[in-house]
Amino acid sequence: MRPSQAGITLTEVTIVMVLAAIVTVGLVTFYVNSQATWMDASTQALAQRDATLVIEQIATETRGAYVAKVSPDAKGNPMLVLYDVGNEEFARFWWNENGDSLIHRGEGNPSKDLGAIAVTAVDQFQVDSNDTLVFVRPLRMHSTTGEPVEVSSSMALYNR
Amino acid sequence: MKEGVDCPDPGNRSPCEPLGSVRLSTNERGISLVEAVLASVIAAIAVLGLAHSFGLGRANINRFELARAAFATAQGRLEILQSDPKANFEFSMDSLHVRPFVHAGQTVGTESWVVSWFDDPLTGTANDLRKVTVRVGWQIGATTDTVTLSRLFYRN
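First to last, the protein sequences are chains F and V.
Numbering of the first sequence is given in the working numbering, commencing with residue 1 and proceeding in unit increments.
Numbering of the second sequence is given in the working numbering, commencing with residue 1001 and proceeding in unit increments.
Among the clues, some could well be false.
Said to hold, decoys possible - Covered stretches of chain V (chain F as the covering partner; in silico rule of three or more C-beta atoms under 8 angstroms from a C-beta of chain F): (1) 1063-1070; (2) 1110-1122; (3) 1131-1139.
Said to hold, decoys possible - If you want the ones that stay clear, here's a sample from chain F, every Cβ over 10 angstroms from chain V, calculated: (4) 13; (5) 40; (6) 60; (7) 66; (8) 67; (9) 75; (10) 87; (11) 89; (12) 100; (13) 101; (14) 105; (15) 148.
Everything labelled a hint here was simulated from the structure, so no lab data went into it.
In this text the structure is predicted, and so the values were computed from the model without any measurement.
Even glycine gets a Cβ: it sits at the ideal position worked out from N, Cα and C.
Build the full structure now, drawing on both the sequences and the hints.
Structure representation (structure tokens):
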């Protein structure tokens, strides 16, 4: 038999298959880990963006308010209600804990729910106020992969 | 013709090769061990580089999480100062005001601010406004990061 027609032995086939399996497992593991890292990072970046968005939204409305009051909602979570110089409510923010777990914004008097500000689920929304300031400390969210994101801030009532 | 060697088709063998030998053309030579090792090393470097870039991306996300929190803290400090009477100690110019920077229940850095006079050149008088510069600094590993914000306040 000429060498070009000799084919390959079972041992050769086995060795090649084992090597190919090792390489394949390595590549798949790398791909899966990379995919998980990318998902983790991108969802956390989205959660961070949403946290900033919520803080900025509350700050924007608060700066135009004359009075800010914090009262518990039906679930006992704090709800921020903002009033204009005529003592008319014009905006409110609350955490819809037992619904979609998102921060909602209401507008007008009586307040009309305009829906969630951001789409990242909230774990904690603690808000407090005095005569001149509103304190959000903290706003805690979690990304879809479970990574927590927390931010705290204060905003002044410029319309006093 | 050499003795003892079968050469049935002399036209294909030059001048006459032993039966069973095969001449390989250039594209049938396969790859050498050195080439295989080199290719493996280059592939490994490429894969490690890719994995490293994923790790860097993840580290940047963590870094910017703290940067966002620090930005919100600095902004909050300026808002608090906005509502404070200018006679308060927080507006004193002779000291560096320092507070811990707390994130997720842990002190991860320091928040500090300084107050200085700002001279508006159009007014012709000195010390027109107070300039407050808030700096929030923190450390991740060997890297120190800061966020700095400034705002002008009325003198009184």
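### Message
Verify this for me: three or more residues of the stretch 1131-1139 of chain V with a beta carbon less than 8 angstroms from a beta carbon of chain F.
### Response
violated (count 0)
### Query
Would residue 148 (chain F) pass as off the interface with chain V, using Cβ distances and a cut of 10 angstroms?
7 angstroms, violated
### Task
Say whether it holds or is violated: residue 105 (chain F) keeps its Cβ farther than 10 angstroms from all Cβ of chain V.
19 angstroms, holds
### Task
With 10 angstroms as the threshold, tell me whether residue 13 (chain F) passes as away from chain V on beta-carbon distances.
Its Cβ never comes within 10 angstroms of chain V, the nearest being 17 angstroms, so this holds.
### Query
Regarding the assertion that residue 75 (chain F) does not contact chain V, is the least Cβ-Cβ distance greater than 10 angstroms?
About 23 angstroms separates residue 75 (chain F) from the closest Cβ of chain V, which puts it past 10 angstroms; holds.
### Query
Are all beta-carbon distances from residue 60 (chain F) to chain V longer than 10 angstroms?
12 angstroms, holds
### Task
Apply the coverage criterion to the stretch 1063-1070 of chain V and chain F: a residue qualifies when its Cβ sits closer than 8 angstroms to a Cβ of the chain, and three qualifying residues are needed.
Holds, because 4 residues of the stretch 1063-1070 of chain V bring their Cβ atoms closer than 8 angstroms to Cβ atoms of chain F.
### Query
Can we trust that residue 89 (chain F) is non-interface, i.e. its beta-carbon lies farther than 10 angstroms from all of chain V?
Residue 89 (chain F) is indeed farther than 10 angstroms from all Cβ atoms of chain V, at 22 angstroms.
### Query
residue 66 (chain F) clear of chain V by more than 10 angstroms, beta carbon to beta carbon?
The claim stands: residue 66 (chain F) keeps its Cβ more than 10 angstroms from every Cβ of chain V (closest is about 13 angstroms).
### Query
Holds or violated: is the Cβ of residue 40 (chain F) farther than 10 angstroms from all Cβ atoms of chain V?
Violated, since 7 angstroms does not exceed 10 angstroms.
#### Entry: Verdict on chain F covering the stretch 1110-1122 of chain V, where coverage means 3 or more residues with a C-beta closer than 8 angstroms
violated (count 0)
### Task
Run the C-beta distances from residue 67 (chain F) to all of chain V and say if the shortest one exceeds 10 angstroms.
14 angstroms, holds
Of the numbered hints listed earlier, those contradicted by the structure are 2, 3, 5 and 15.
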